[in-house]
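Engineer: Chains as they are written, first to last, in the working numbering: chain W, 1 to 325; chain A, 1 to 318.
Hints in this document: simulated from the structure, not taken from any laboratory. Just so it is clear, the structure is predicted and the values come from calculations on it, not from any experiment. There's no promise every hint is true.
[Claimed, not checked] One-sided and incomplete, this derived list gives chain W residues near chain A with beta-carbon spacing under 10 Å:
no., residue
1, G18
2, T109
3, V219
4, N221
5, S222
6, D225
7, L256
8, I257
9, C259
10, R267
11, I273
12, P277
13, I284
[Unchecked claim] Have a look at the derived ranges for each label pair, beta carbon to beta carbon:
no., chain 1, residue 1, chain 2, residue 2, range
14, A, Q148, W, E243, 38 to 48 Å
15, A, Y21, W, E207, 44 to 54 Å
16, W, S201, A, S9, 45 to 55 Å
[Stated by the list, open to error] Computed footprint of chain W on chain A, listed as stretches where at least three residues anywhere in the stretch have a Cβ under 8 Å from a Cβ of chain W:
no., segment
17, 212 to 220
18, 240 to 249
Note that beta-carbon positions come from the ideal geometry of N, C-alpha and C, so glycine has one too.
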Amino acid sequence: MSSHLLEIRNLSVRFQSGSHQLTAVDGVDLTIDKGETLGIVGESGCGKTVLATSLLGLLPSSARVATHRLQFSGIDLSNVPSGGWRSIRGRRIGMVFQDPTTALNPLRTIGSQLAESIAIHDRSATSREIRKRIIDLLESVGIAGASGRLSDYPHQWSGGMRQRALIAMAISNSPDLLIADEPTTALDVTIQAQVLELLRSIQRERELAMIFISHSLGVVNSIADRISVMYAGRIVESGPCSEVLTTPSHPYTRALIDCFPEIGRSRGSLVAIDGQPPRHIGKIDGCRFRDRCNVGRDRLDCVSHDPVLKRAAGDRSVACHAVVI
Amino acid sequence: MNPIIAAGSTVVTLQDVRVSYRSRAEPILRGVTLTLSAGETLGVVGESGCGKTTLLRTILGLIPTDSGVVEVLGGDPPGLKDGSPASRAAIQLVHQDPFASLNPRMTIRQILQAPLRINGYEHSASRVRELLDMVGLSHSVLENLPAQLSGGQRQRIAIARALSIKPKVLLLDEPVSALDVSVQAQVINLINDLQGSQGFSCIFVSHDLAVVAQVANRIAVMYLGQVVEIGDTDSVLTEPAHPYSMALAASVPSLRQEPRGESWRGLAVGEPPSEMMTSGCTFRSRCWVATSRCDVETPRLVERTSSRQVACHHPQGR
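Okay, chain A solo, but in the shape it has when bound (with noise of 0.2 Å):
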C-alpha cells in the first residue's frame, strides 16, 4: 500500500501564503498560514469569494504565490511544468462539478484507466473492477459513458479516479454541494470510509460547516482571504471564538426545535464589504464586538489553546 508517513508528520504547510490573480486589484488569500498532518483530515470553510478554491490551486502548484511558503510533502508543490509526474501523482484533486470534471467522450473504463497508465501502474481491466469495487459502483457502469450515470455515481467516480494512483493527499473542493441531499450522505461517508482504509491525508473545502463536521478532525475558517480560526472540529463547533465562526454555525440551518444559538443569530451584519480593507480586521464591518483596535490594527493568527488557533482581538467564549 502506501509508502507510509509517520503519522502526525506535516504534509502541507502553508506559511503567510499571498496569492493574487492579475484581473483583481486586491490579492485572494491575504496571509494563510495553516498545516495538514499525515492521516488527519482538514476542513476548510468558509462562503463564496473567500479564497477556498485558490487554497487549493494554491497546493497543487497551479497558481504561482505572491509571497510566503508552501510545501508539500517536504517539497515544492508539483507544479505545472516542473514538478515530476511522481510528485503530481502524490496529490491529487476532486473537483466539485461531477458533470464538468469526467470527459463525457470517455467510457467510465477508459476514464479510470488513464491516470493508472500514465503513471505507470497496472491498468488491466481487474484493477479498474477493484476501483469500482472500492467505490461501492457496479461493474456494469465499466463501459457506460458519464452521461448514463447520476451525480452521485460520478462522484464515485472522480473519487475512484483520483485515489487509483494512491495520492498521499486528497484535495477535495466542495465534493457534495452539487448532489442531492440522499446521495450527499452517501459520498460523505464513503470518503470517511476510504480515508480510514487507504489512510491519505486529506483537504475537505466546503461552504457548509455541518458538512464539513461530517468529516474533519479540523476545521479552518475561512474569511475574505484569511483563515479567521483553526482547530479541532468539536471545539471550533461547540465554542467558537472568532465572532465570523460564530456567525457561521448560528447560520446553519438546523432540524432542531428549540430556538438554536438565538443570540447569535443575525448577529453577521451586512455582507463582506465589497472593497478590500488595507488595514485593520477584515470582518469589522460586519462584527457586533469590533472596537476601534480592529480598524487599524489587524489581527494576527495567534494560539488560544493548545489546539486551536485565533485572529480577533476581541475572542469570544472561554
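Only chain W is shown next, with the shape it has when bound in the complex (with noise of 0.2 Å):
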C-alpha cells in the first residue's frame, strides 16, 4: 500500500484526432501528501490542465490514458466505474477552475448553486442544514453578509467575490484534496493576493492536500510547499519550492526564473528563452527542450536520449542529461 494520499506513476494521456495522435501528458510521477501544497507550474500546452482533467474523470472522450499507477485514497483512478466518479469528483477532490465567470451558471443564484453541490453528496441533510452550511462556508471565504446574499445572481458579484463561492462551492464536501487550476489567473493582482491567502489558511486549517496550477513562478512560490515544473508534457524539475527556486537544476527552471518579471530587478535585466515551446508533441527523440537550452544544445545525448526524471539528494530529482546528480 502506498502512503502517499495521490501517487502517479508514469501517466500518460493522448488524443486522437483523425490520424495524428498528440501527446499532452507524457509519462508523468508525482506524489501528494496529506495537508501539502504541491505546485504544477508551466506555460500554455504544456499539459497542465490535462494532468488535472485525468485526475477528476472529466477528460474528452478522445482520450486515451496509460498508466502504471494512478492511486487516490486507496482508489484506483485509471479504472473508476461508470457512475463511481460521483462519489469522488466534488467529495472527495475538490477543484476550483480558472475563470470564475464561466464556472458558474449565470441563470441560477449562488445559493441554489451551492445547495446542488452539497446535496449531491448528502441526500439526508435538509434544506434548513444546507442554508445554514452555504452561509457558513460563504462567511469562511470571507463574503460579508452572506445570509442576504444567497439569492444574488453571479453577475451581481465581482470576480474575486465569485471565485470565493467557487472556492466555497469546491470545499463544501470537505475534500481530502482540492485542484485549483489557475485560479486567480482571471484576477486583478491585489484581488490576487487576497484569493491566494484564502486557499493558504483554508489549506493550512482543513490539512487539505492542494495541487495549486499556474503559469507564475511568483504565484506557485506564495504557495506551495512543493514544486513540480513541466514543459511539452514532462515534468523536468520536482522538489522542495524553496529550494527548487533558488538552486535550479533543470536548464528550463533557471530560465524561467531569468526571465520572471520582480519588482527590484533592474530594468533590462530578464533573459529571454529563446524559440517557443513546442505546440504538438509528436514523436520525440531526445530532449524537448534542447532547441532552447544553452546547456545541451550540442550535447550528443540531449540528441538522442529523451532524458528521464531522476532521484538526487534532498527530495528532489530532474530530467536533465547536463546535471550531474
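These two chains come separately, so use the hints to put the complex back together.
Structural biologist: Now the structure itself:
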C-alpha cells in the first residue's frame, strides 16, 4: 500500500484526432501527501490542465490514458466504474477552475448552486441544514453578510467574490484533495493576493492536500510547499519550492527564473528564452527542451535520448542529461 | 531617421482630463493629469476598469473628452475624421491581443506593407524584410498568415507594423499580457532595444507592476480613473507613497524566499467600490490610513519630491 494520498506513476494522456495522435501528458510521476501543497508550473500547452482533469475523470472521450499507477487514497482512479466518479468528484476531490465567470451558471442563484453541490453528496441534509452550511461556508471564504446574498445571481458579484464562492463550493464536502487550476489568473493583483491568502488559510486549517496549477512561478512560490515544473508534457524538475527556486537544476527552471519580471530587478535585466514551446508533441527523440537550451544544445545525448526524471538528494528530482546528480 | 524632437521636451500632455461613455453613468477618467517627455517610456499601471485603455484612446483622439486639455506633439490628438494622415502616423498603437489585432486573411507581407503604402513610404519587399529583421523574425514568415504564427511572433509583427512608419509616440496596451512567460521577456527586451535604437517616446500600459518596471523610466499608478501617484520608476517601486501603490507593489508575486513586505500584504482591503464615490478619495474604502478628511476632500495630485507627485492626504514614507 502506498502511504501517499495521491500517487501517479508514468501517466500519459494522448488525444486521437483523425490520423494524428497528440501527446498532452507524457510519463508523469508525482505524489502528494495529506496537508501538502504541490505547485505545478508550466507554460500554456505543457499539459498541466490535462494532468489535472485526468484526476477528475473529466477528459474528453478522445483521450487515451495510460498509467502504471494512479492511486488516490486507496482508489484506483485509472479504473473508476461508470457512475463511480460521483462519489469522488466534488466529494473527495474538489476543483477550482480558472475563470469564475464561466464556472458558475448565470441563470441560477449563487445559493442554489452551492446547495446543489452539497445536496448531491449528502442526501440526508435538510434544506435548513444546507442553508446554514452555505452561509457558514461563504462567511469562511470572506463573503460578508452571506445570508442576505444567497439569492444573488453570479453577475451581481465581482470576479473576486465569484472565485470565493467557487472555492466555497469546492470545499463544501470537505474533500481530501483540492485541485486549483490557475484560480487567480483572471483576477486583479490585489484581489489575487487576497484569494491566495484565503487558499493558504483554508489549506492550513483543513489540512487539505492541494494541487495548485499556475503559469507563474511567483504565484506558485507564494503558496506551494513543493513544485513540479512541466515542459511539453513532462515534469522536468520537482522538489521543495524554496530549494528549486533558489538553486534550480534544470536549464528550463533556471531560464524561467531568469525571465521572471519581479519588482527589484533592474530595468532590462530579463534574460529571454529563445524560441517557443513546441505546439504539438508528437514522437520526440532526445530532450524536448534542447532547441531552447543553452546548456545541452550540442550534447550528443540530448539529441539522441529523452532524459527521464531522476531522483537527486533532498527529495529533488530532475530530468536533464547535463545535470550531474 | 526620425525628425528629432529635443530630448526632454513634452510630446503628450494631459491636464485634468475627464472622459465618460454614454453607456455608463460615472465618468471613466476623472481628472487625469500627466505628461510624456520625448524619448522616455512612461509606464501606466492599474487594475481592470481603472481607465488605462481609455487613457490611450483619449490620446489617440478616438473618443471625445468631457473637459480638460489633451495635447499631442504640440497639437490636438490626431482624431478619426479630422486629423491629417501625418498626425495619425506620428502616434501608433500596439494592441493587447495579437490574435485579434492582425487581419487573419492577410499575409504578413500585406500586413506590413499596408501602412507603408498608405503613408507614402517605400513598400518594397526588401523594406518589409528590414522590418522583420528589426523585430527579430525570419524572412520565411513573409507569405504566412497570422494563424501560422505563435503569439509572440504575432506581437512582433504588430510592433513592426506600428514602427514601420516611424512614429514619434508609440502606445502599447498590455502588449505582453497575452503571451507565455518565456516569450514575454523576449518582447519586453525587444521593446527596450527598439526604443533605444529608434528613440520614440512610449506609453506602456499594463496591469503588472513588475512588467512595467522592466520598461518604464517613470510610472503612473492609476486607480478608478485617476492618477494617484506618478514618478521615477525606482522611487515609486522602492518607496511608494500612495497606499494604493504600496498595496499594488506588495501584491505582485515574487520569487524571493524571505517574507517580503509582510506588513503591506493584504492591506488593500476588499474590492473597488461598485458605485462611484462622488466626493473624497476613491481609495478610502480600501485604505488603512484613511481619516474623516478623506471622506469629504478629494486629494489632488501634488508634488512630493522633485520627481514625484502623489494624490493622497496621508502619503506614506518620508
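Engineer: Taking the numbered hints from earlier one at a time, note which ones the structure violates and give those numbers from smallest to largest.
Structural biologist: 1, 2, 6, 13
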